[in-house]
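**Q** These are the residues of each chain, in order.
Protein chains: 2
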Amino acid sequence: MAIKIGILGYGNLGRGIECAIKQNDDVELAGVFTRRDPSTVKIMTEGVKVYSVDDAPKMKDEIDVMILCGGSATDLPKQTPEYVKYFNVIDSFDTHAKIPEHFAAVDAAAKANGNVGIISVGWDPGMFSLNRLYANAILSDGKDYTFWGKGVSQGHSDAIRRIDGVKDAKQYTVPVDSALKAVRNGENPELTTRQKHTRECYVVAEEGADKARIENEIKTMPNYFSDYDTTVNFISEEELKANHSGIPHGGFVIRCGKTGWNGENSHIIEYSLKLDSNPEFTSSVLIAYARAAYRMSKEGQSGCKTVFDVAPAYLSKLSGEELRKNLL
Amino acid sequence: MAIKIGILGYGNLGRGIECAIKQNDDVELAGVFTRRDPSTVKIMTEGVKVYSVDDAPKMKDEIDVMILCGGSATDLPKQTPEYVKYFNVIDSFDTHAKIPEHFAAVDAAAKANGNVGIISVGWDPGMFSLNRLYANAILSDGKDYTFWGKGVSQGHSDAIRRIDGVKDAKQYTVPVDSALKAVRNGENPELTTRQKHTRECYVVAEEGADKARIENEIKTMPNYFSDYDTTVNFISEEELKANHSGIPHGGFVIRCGKTGWNGENSHIIEYSLKLDSNPEFTSSVLIAYARAAYRMSKEGQSGCKTVFDVAPAYLSKLSGEELRKNLL
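Protein sequence lines, in the order shown, are assigned to chains A and B. Under our numbering, the residue at position 77 of the first sequence is numbered 77, and the numbers go up by one with no gaps. Under our numbering, the residue at position 216 of the second sequence is numbered 216, and the numbers go up by one with no gaps.
A pair holds if it fits inside one copy or across any two, identical chains being indistinguishable in the list.
In the BS3-like style, the derived pairs of lysine-lysine whose C-alpha atoms are separated by at most 30 Å in a straight line are: (1) Lys4 <-> Lys317; (2) Lys181 <-> Lys325; (3) Lys22 <-> Lys143; (4) Lys98 <-> Lys325; (5) Lys42 <-> Lys22; (6) Lys258 <-> Lys143; (7) Lys325 <-> Lys78.
Bear in mind the hints are in silico, worked out from the structure with no lab data behind them. A quick note: this is a predicted structure, and the numbers were derived from the prediction, not measured.
Please model the complete structure; the sequences and the hints are all you need to start from.
**A** Okay, here's the thing in structure tokens:
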């Protein structure tokens, strides 16, 4: 019997979940839930219905795990504590600073209703967090580095688009190669924001717009760009569509540490991702944790969990015997 | 109260454990157990005693976790099922093909006595296995690659030393750079044994020995060298001591996979280790899992576990709150 998955919110992430379900025969799509008029939402999976979010609670017995695909700013802080009353849920809440309060809200609702809610699933937070934890637990005397990119930052692209005279834009976060090399060499460098990443912008200006002003506004924008070496490339709308329509991302988590009676030996642990599609990869992680939520719930567990609380074996469709035989 | 650790077997790994305990203030060394005459074994930690292995069972109430530092060929198949009767235990059993039967033997004895035994802990099996599992669970449509090195293979070094006319030798396993690059490029190459790794040998010949014969015997040795491109360097005993006395190792676990409605997007997950000291890094992993065994046992769990069965949070001395705040 396949695990019945619901998708709440049908944007890039929701579509990614739908693709990931197609790739895994132990899960099946039971329904898509939207805040739009359901008749206007066309999904790819044949024979599966689109419902209004308002109908979700009624379907509590027809869905094993609901995957919440809303945004972290305003959607998830409300949705996750709400829907965990009816379902086991997974979200990809990524506002690092607000994770403790989100955890507390989801935990209370999940425990009160006997469901499992796994929050902050994806790659950062998610797989990067896991790798930080493992590396810290192993090398207690060491230093952590996280680099992001090369990849598209939606927030930075949006910030450029809000500038007067900008028609469209895409911003790539790029790790500085010399910084990465110094870290990998075990040099334990102290790196400023500027030394770790650069920002590459591809901008379509409106006709007649003052490009020098736009470039200056980007480069001096506080929080987003002023602390970085930023390059601004003005290109045509066609070029933006042809060369910058993907949503690639990735990055590196590196820990350098010492062992030995007097710290005489050095070690480097590195985890990296190179992703053609950020939302599709995130979706694949979410499906693995949906499998885990289902199993943990079947065992009688409840409450809020993060990737730190989930034993790896729960993520695989293979049995313990198969895992030990084939992957250990 | 620190977790009281026992070390059974005091070779490279046992000494590594002793160093790792010094680095972690939530564990303390309670005793070292040896098959040798205890009076002949000198350890580094002041105020800690060396005991005969025969005395270990009597100390069952003074040790929280016993770390078994014997070899996989003959020691651990007997020791782990035996000592889990008295203690929570950790071993680094690494004979991949025999893990299922080792698991069964340890599981039966652990359950009968209410203890936890975590087997096959280290980096391969261990951290590499974990990364294979996570990457497989996320990218279900993909291909795995494991490369080892550059690092010292004790088994291959020993095999060379057994050749007539060889005084001493060290063998390095080296991943082939072009193969690694092809994998990272997402080319999904089919690689033969020869295409993945080369073998570099540093050999000290006895005076007057026939070096051409020795080189030929190495290069044609079945199982160990005949399937590889092998280079043999004859060096002096002094040079071997000066440049090849360390025990470095490392390697790469890479999974390339596809997502999307028609598999149109590619992703690469890579985990790598670069280790100055193989036994000291392995020891650091063992200590993290000793912490986990202690906690799982305190919760009332028992039986045989592997790294697949241990939720990551158990490995860190930080609380759930601290982990969510600082590492998620």
